[in-house]
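Trainee: Each chain, written out:
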Amino acid sequence: MRNRILLLLTAAFAVLIAWNLKNILLSLPDEARQDAVYRILYFHAPAAMVGLTGFGVGMVFSGIYLATKNLYWDTLAASTTEVSLMLAAINLVTGSIWGRQQWGVWWAWDARLTSMLVCWLVFAGYLMMRRAVQEPDTRARLSAVISVFGTVNAWFVYKVIEWVPRLQHPAPVLSFRTGGKIDRQLETPFFWMVLAYVLLAVILVMIRMRQESVAREIDSLRRLAHA
Amino acid sequence: MNRISASSASQRENSFLFLRQCFTIAAKDLRAEWRTKEALNASLAFSTVILILFSFALDPNPEMLQEFSGGLLWLVFLFAGALVLNRSFAREMQNDCLDALLASPVPPSGLFLGKALANYALLMMLEFLCLAEFGILFNVRWLGNIGPLALVMALGTWALTVIGTMFSALTVNLRLREVMLPVLVYPMMVPPMMAAMILTTDLLAGNALAGNMLWVRVLVGFDVIFTLLGVALIDTVLVG
Amino acid sequence: MNANFEYLCYGLMAAWLIVTFYVILLGLRENKLRKELDRVRQMVEPRAK
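Chains as they are written, first to last, in my numbering: chain A, 1 to 227; chain B, 1 to 240; chain C, 1 to 49.
A couple of the hints might just be wrong.
Have a look at the derived ranges for each label pair, beta carbon to beta carbon [to be verified]:
1) A:Ala227 <-> B:Ser10: 49 to 57 Å
2) B:Arg141 <-> A:Trp109: 23 to 31 Å
3) B:Ala232 <-> A:Ala227: 36 to 44 Å
Source of the hints: derived by calculation from the structure; they are not laboratory data.
Glycine included, every Cβ here is placed at the ideal spot set by N, Cα and C.
From just these sequences and the hints, can you work out the full model?
Mentor: Here it is, written out as structure tokens:
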């Protein structure tokens with residue numbers, strides 16, 4: 001049953017990404033100042049949105065683990081964080097390439113880039129720590145604490161740098177944010193892209209969770225074998 | 001005595017007890033450190049070496065120095081501070097001291113705050129010594145602005161202490177403790193370090209604090225939020 | 001769609017490479033887990049018999 005859902009989601013993702021790519025690359029006009037390269041936005045920004053949401057969702061799952069002490073939630077938190085780390089990496093790399101073309105530099109210390117980098121480093125540390133602890137309960141406890149600290153810190157970093165005027169990153173562009181004035185035609189593929197990333201994240205988390213349940217089965221069989 | 005004043009009196013007693021417990025733990029740690037001076041010597045030597053290396057590598061003239069003096073100083077504090085913070089909970093691993101402490105009447109939050117206070121005292125001592133060395137090696141005058149500078153150092157050091165003590169407790173049982181502590185602490189320290197570095201650079205250049213109150217507020221906000229988080233979550237880390 | 005096409009390509013390639021790299025990582029982990037599962041099952045089966 002689970003495999004069928006997985007297959008369905010993967011098919012949906014494939015169709016969506018193919019259709020959206022076609023739209024982005026062929027149907028949209030070139031932008032006034034940036035010509036073709038602005039299309040990186042469609043890979044860069046949704047990755048950030050879904051990635052950061054994933055970190056927040058991971059923190060919520062960690063909180064649920066702390067409340068219920070059910071290891072399933074800890075596994076879910078770890079899977080979500082790992083996938084979000086991948087999405088954050090996409091955001092950082094595409095942002096860097098876009099920045100190199102637009103501003104002439106590979107990196108700039110502005111609000112969003114820095115908070116994303118700090119987030120990435122904290123949660124990479126989270127995964128490193130998980131590998132260093134064998135005992136599942138201890139690992140879950142410590143991971144939950146790092147997750148909470150990391151998410152609060154990421155929010156803090158973002159807010160702080162936002163107060164500092166270092167204008168390089170473009171202001172909000174989406175129509176539902178204050179100050180956003182994006183063209184309707186350009187905005188629709190953006191939302192489809194967000195959906196595509198969400199689908200991708202869900203698929204990868206499901207695969208990860210399946211691997212974790214296999215790992216738990218191995219652990220229990222190993223305990224049985226050595227008993 | 002009516003019930004309301006009895007309960008408020010007992011609440012006051014409980015708070016005094018809690019504070020006494022924190023100070024007892026802090027005093028214990030400081031006494032242990034003062035007798036051996038292990039962490040203090042190691043971090044002082046390390047910070048001296050780093051300062052000398054930076055002085056070699058960068059060889060700054062006064063104009064250049066005005067731009068990154070704060071950054072340099074806080075980098076040194078961070079690196080040397082990690083040595084002190086690592087020892088904080090690591091020293092309790094011998095002879096099951098940590099288990100004894102957890103079994104004692106001191107609540108985990110009291111243990112955390114006590115150790116944080118001890119680390120804070122050690123770090124402040126270290127930092128003033130580093131500041132003196134920095135002034136000598138890089139020819140920077142800092143006595144003029146000592147008041148605001150001390151305030152910035154106090155706020156920034158508390159941020160480092162709170163995060164460092166928390167993660168010291170977290171990594172105490174890990175195999176690669178000495179590596180994991182910096183890996184976890186340094187990214188978390190980005191907001192207060194940013195604020196502290198900007199403020200320190202400005203103060204060392206001779207400007208007043210009033211122009212940068214935003215960054216002071218950032219430091220205070222960070223300190224308050226993460227102290228509360230630390231006190232709330234230390235139970236989970238140490239006990240479960 | 002002519003100007004700045006080069007960087008657009010690099011950007012898209014980078015995004016896809018990262019996803020591919022992660023999927024390969026998952027695949028390798030799956031293989032390792034499967035082998036380990038078979039090995040442990042073989043350890044337990046003779047006992048059960």
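Trainee: It remains to establish, for every hint, whether it holds in the given structure.
Mentor: Now for the hints, and whether the structure bears them out:
1. A:Ala227 <-> B:Ser10: 49 to 57 Å: holds (52 Å)
2. B:Arg141 <-> A:Trp109: 23 to 31 Å: holds (29 Å)
3. B:Ala232 <-> A:Ala227: 36 to 44 Å: holds (40 Å)
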